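Trainee: These are the residues of each chain, in order.
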Amino acid sequence: MTEKSTDNITQNLSRLKSLISESRQVEEDMENLISVLREEPASSAVSGALGWQERTLFPSLAPNITILKNIFYNCSDVVFHEFIYAQDSGTKLALLYIDGLADKVQVSEHILKPLIADASATPPNNPVDKTQVFRFILERQLRTHQTRETDRFQDVVNTVLSGDTVLLVDGHTRAIINGARGWENRTMEEPGGELVLRGPRDSFVETLRVNTAVLRRRIKSPDLKIEAMTFGRLTRTDVAVVYVKGVASENMVEEVKRRLGRIDIDAVLESGYIEELIEDNPWSLFPQINHTERPDRLAARLLEGRVGILVDGTPFALSVPSLFVEYLQAPDDYYERWQAATALRILRFVAQFLSLVVPSFYLAVITFHHEMLPTALLLNFAAQREHVPFPAFMEILLMEIMFEILREAGLRLPKAVGQAVSIVGALVLGETAVRTGLVGEATVIVVAVTGISSFLLAHSNSLAVRLLRFPLLLLSGFLGLFGLMIGLTAIFIHICSLRSFGVPYLSPLSPFTPSDQKDTLVRAPWRAILTRPHLIARFNKTRQTGISPAERI
Amino acid sequence: MTEHGKITAGQLTLLITNTVLASAILFAPSAIVKHAGTDAWLSLLIATLAGGMLALLAIHLCKLFPGATIFEFPELLLGKVLGKATAILYIWWNLHICAEVIHEFSFLMMTAFMPETPILVFHLIMTAIAAYAVWHGLEVLARVAQLFVPFILISTLFLFVLAIPQMHMAHLFPIFDTDPLSILKGSAVPLSWFGEIMAFTAVLPFLNNRAESSTRSVLFGIFLVFLFFLITVVGVVALLGPVITAANLLPLLTGARLIHISTFVERVDPVLVIVIVLGGFLKISLFYWVAAFGSGQIAGLRDYRPIVVPVGFFLFVLSMSLHESPADLLDFLGTIWPVYAIGIFEAGIPVVLLAVGIYRAARGRGDSQ
Amino acid sequence: MKGRRLSLFLLLIMVSLLATGCWSRKELPDIAIILAAGVDRTPEGNVTLTLQIVKPSAASGGGGAGEPGKEQATVMVVSQTGKTVADAQQGLATRLSRKLHWPHCLVFIVGEAAARDGLRDITNYFSRSAEPRQTMWIAVTPGQALDIINSHSEIENTSAQAIAQMSLQNSGLHMEYHDFMYDLSSGESNPVAPRIEIIRQGTPQGPGGAKGEAAHNEAVFTGTAVFRGDRLVGWLDEKDTMGLEWLRGELEKGIFTVPSPSAPGKYLSFSILKSTTKVEPEFVDGKVGFHVIIMTDVDLIEQQDTADVTQPEILEAVQKTAADEIERYARDALFKMQVLYRTDGCHFGEHFHQKYKQKWKVMEKDWNGFFADAGADIHATVAVRHSGILGKQANLRESR
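Residue numbers (the numbering used here), protein chains in the order written: chain A, 1 to 553; chain B, 1 to 369; chain C, 1 to 400.
Quick caveat, the hints were computed from the structure, so don't treat them as lab data.
Warning: the hint list may mix true and false statements.
[Unchecked claim] With a straight-line Cα cutoff of 25 angstroms, these simulated DSS-like cross-link-like pairs (lysine-lysine) come out:
#1 K355(C) <-> K287(C)
#2 K34(B) <-> K365(C)
#3 K34(B) <-> K355(C)
#4 K359(C) <-> K34(B)
#5 K185(B) <-> K287(C)
#6 K26(C) <-> K185(B)
#7 K185(B) <-> K34(B)
#8 K257(A) <-> K541(A)
#9 K185(B) <-> K361(C)
#10 K541(A) <-> K6(B)
#11 K34(B) <-> K357(C)
#12 K365(C) <-> K355(C)
#13 K287(C) <-> K359(C)
All figures in this text were calculated on a predicted structure; none of them were measured in a lab.
Using the sequences plus the hints, can you model the full thing?
Mentor: As structure tokens, this is what we get:
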């Protein structure tokens, strides 16, 4: 009897002990909670630098939920779903995800269903043991493809914001992160800015994962490395540095990562942010980092030893280093017959030059160097200009600005209205301006040639050319061909001084690399392009060993 | 010390070609033909051979002290005071050439092109654009040269091809019509231009693979100079005849004025002027760089770029105050300049330096044995 | 950074420079484009400069400004007398609303009086200034240069353009200004220039022109003006001009007609394809002599007789006749140069200089005298390269 009662007493005592210890635990939790709440008013929970970011999860569900609810205060798209575990009615679970970012079908089929409805699963030998509940859920019940654990609030918050679904288990200081993302994607369309007649029609989209997949499909090699990073304190944009290991030089990859590492910015909404933050000379008008929305183009660049940077939220992928000549090369250069491709490349070089100098050259000739014109042409020009009241400089400047206005208007307007713009442009500016004697016919032709030539160029490059046209016009308006030459010289000095990630911008033209000429101004037949660009793929130059003469047919 | 750029052998060749040719093809034909008449090509050949010797002299000097420039090794050879003095003399020489070239090209622009424009404008703009290039350093300068010089050479060649219909081969004859002394006299003028290669004693240390290719690329540069110089002199004489060539201030330009093909290509001389001024700009930039860089080296600066603008101002003032009239300029180029340049800077001092260097080396060997 | 400040500074200099003015700029409506210039000498020894200035609104081919059907004057001719060419030009410049623009002056006409008086004074202005092009065509007229400048072309817009076009395309001796000046300055030769005259030729027809003028006056080339030094000494007609061109080795095109070797009273015409002339000078016993060899390739373009030129012996005879004719042309021209005008306009001095370098230095001063007394033998060979599409006269049977 006494034995039994002492037994009872010790049993009760031990219960009391555990109760006391539990209550201490509760007290501790409560204190934690209170201190957290004191430190951070709910409204500014997210923006604060200290506090929850550094904390680990509490062992019980209630304080965790309270803190998370405080963090996501006024975030109406965050869903807190609390429910009771089917195998053990004593265990509470909570599911946390963002409506619209998480795939609801996956959440209900692969997470909720096994946990709420599926009682048939064999529970572990002691279902009350909460430690085992956690492992059981993680290892046997969840059917999502990616799961991992965390014990930090920061991870919970970040993963939820990225579209993952987080499962909190009562009595555990760890949470399960389920990769069940799924949101509306834009379907892959033909790239808008880089049309080709021959070549693949797919393009990057706004989702990083889709883009890496497209790239991986093109380069099925473990050497294609996709290193993930995140930029933007608020936007937390996913960024991937992609390169082909063994082709891209290690230094280049390190340099890219080093420059990326220096970035500290609140938001990255487009790859343009990153481009400007890591380029060599931010003052230059010339783009030193190339971008493309064509996977085939990026793949080709990676295979030449370049490093790509994919940014979530934009279809435009960056690639470094980028050289001047790249902007005059089109993707179909490599798909079409090489003779035609070469001719077109040279045409683009000519067009670039024309769109830069034609207005200034015309101005210099008709205001300074009349003797250069054949007599008959001079008489025609003189007859046209006879009724124009402005100096030639004003006339050309006026027309150039009008053209740029029209062009910008056509770009921004909806397609239906855009047509009206072109009618106005063609009729009013082209025809009537000449009739009323506002400008001469030759000026209209000059502006038209300039404009059409600039359409042959890559957009980012043509921006530089369009801007530089005006200072050149000014110079040749005052000093004729001498001024034009001075302006061009300054531009060339500037281009020669540029480097893109250590590679001279004008290479392989200057410094001159003979072997790279096969893919610069000319596009040699593929069987002749045996090496990668020398200054970019420094350590692994062999593209193909070449077909021996005997094997040639 | 202050320049980390490296240039390639090809760039060196093109820099040398341009440095000698740029102003020579404008001003030298008249001076050579004045002495040598239809045998100008012979004068040119002699000048080229002598110029090749001067170039070898420069290379040899540089090889005595690998990595050191003309502003450093005189000190090692002649001691602190004399060495510094020599280096300062060379800086003066580079500044002087630079100012001369600015003056020459401003004169060209004004007389041939835009007579109404004040000459000050050309002086200022040429100095300014050269300053911009110099500020970027030798490597960028070499890259610009690699782009421009082939363009300049090809354009010049193309121009002479266009002029072929206007040429009279009879103007080139008779050959060996002039007495040898006149031919030698005629070769002094181009030789002073060839001697400008001595400025490359400041550039050679920056060649990326100095040992193997310096001699070859320098000599190839001289060969290119000879080729284009010859084309120019022969072409101009064939176009204008020796009498008018000798009497003309800018015979190349006058020759280019004769080009016309049917009625649609006429008066291409503005294009020629532009192309030549482009070469002039490169030449100015090179001497400007040598002067600025040398000043920095003597002053022991870490970076020469802070003194680019002051040197530019000095050049501007110097070039503005050089010559009273075009005739004065041509007279100076034809008579005083060869003696002054060849006698002191292009042959005189280098020969002394080399002699001292070889003597020192021999004695050093003697001591060690 | 320092570099940025430097570039800004340079930019500032440039902009401030640019803003202060644009010195050499000339807008097209501000210039008076000169197409032709003529120089005459007045009896008092002054210089009269006559300029043909284009009226742009009427001269243009294109442009919507001109009303079709309405006849407009295309040029204006102005004239001014002064002590020098520049003096006269200055007089014109002050009386015109636009700045005179020389580089497009296509032709330069010298009046006989001015040419006989010596051209050195007049040409100095045109050689010294960078403005007039050195490739303008030079011509001498037996009357007043003013009349040539004043003439009008029915086919071309302006008479200047017509003269330039004729010089470029037609056969005959034509001279660019710089070539003329070379001959004048070299000492090895004397210059020659084409003769230009106003000839009554052509009747304008069509709805507009039918009503009035029966004939029309145009400037045309009619031979050669021969100079000794810078002074005009005489003229050659068109036949002698061809002979002179053969002697100078400058003949590029032209047609000449010879009597048929087989049928008297009939003629053959040849078109010149290519001609080369070799002059071999010799100097024996203080006397100068020349061997002139002329080799001409021709095309038989018209044949009045019925001989079969595909037969070697007939071809031989035809070629011989043509060669004789060429020799006659050349000899006549040389005779006039040597005897009548005593001036070497044939570039013989050049050949002599090349062969006898040392003697030339002594003889140079008196070369025209040596030339006039020199003996010369002329030998011509002719090769008929094509004979049209007809082998022989097959299209007509000879009438009996």
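Trainee: Would you mind confirming whether the straight-line C-alpha gap from K287(C) to K359(C) stays at or under 25 angstroms?
Mentor: holds (12 angstroms)
Trainee: Check the hint pairing K257(A) with K541(A) against an upper bound of 25 angstroms on the C-alpha distance.
Mentor: Holds. K257(A) to K541(A) sits at ~23 angstroms (cutoff 25 angstroms).
Trainee: Would you mind confirming whether the straight-line C-alpha gap from K26(C) to K185(B) stays at or under 25 angstroms?
Mentor: Cα-Cα ~44 angstroms, so violated.
Trainee: Between the alpha carbons of K34(B) and K355(C), is the straight-line distance 25 angstroms or under?
Mentor: holds (22 angstroms)
Trainee: Would you check the hint for K185(B) and K361(C), treating anything up to 25 angstroms between C-alpha atoms as holding?
Mentor: Cα-Cα ~21 angstroms, so holds.
Trainee: Under the criterion that the straight-line Cα-Cα distance not exceed 25 angstroms, is the pair K355(C), K287(C) satisfied?
Mentor: Distance ~15 angstroms between K355(C) and K287(C) Cα, so the pair holds.
Trainee: Between K185(B) and K34(B), does the CA-CA distance stay at or below 25 angstroms?
Mentor: With a Cα-Cα distance of about 10 angstroms, the restraint between K185(B) and K34(B) holds, given a limit of 25 angstroms.
Trainee: For the pair supplied as a hint, K185(B) and K287(C), is the alpha-carbon distance within the 25 angstroms limit?
Mentor: violated (36 angstroms)
Trainee: Verify the proposed pairing of K359(C) with K34(B), using a straight-line Cα cut of 25 angstroms.
Mentor: holds (21 angstroms)
Trainee: Next pair to validate is K541(A) with K6(B); report whether the Cα-Cα distance is within 25 angstroms.
Mentor: holds (23 angstroms)
Trainee: Please verify whether K34(B) and K365(C) have alpha carbons no more than 25 angstroms apart.
Mentor: Within the cut-off at roughly 20 angstroms; holds.
Trainee: Between K34(B) and K357(C), does the CA-CA distance stay at or below 25 angstroms?
Mentor: holds (18 angstroms)
The structure is inconsistent with the numbered hints 5 and 6, although it conforms to all the rest.
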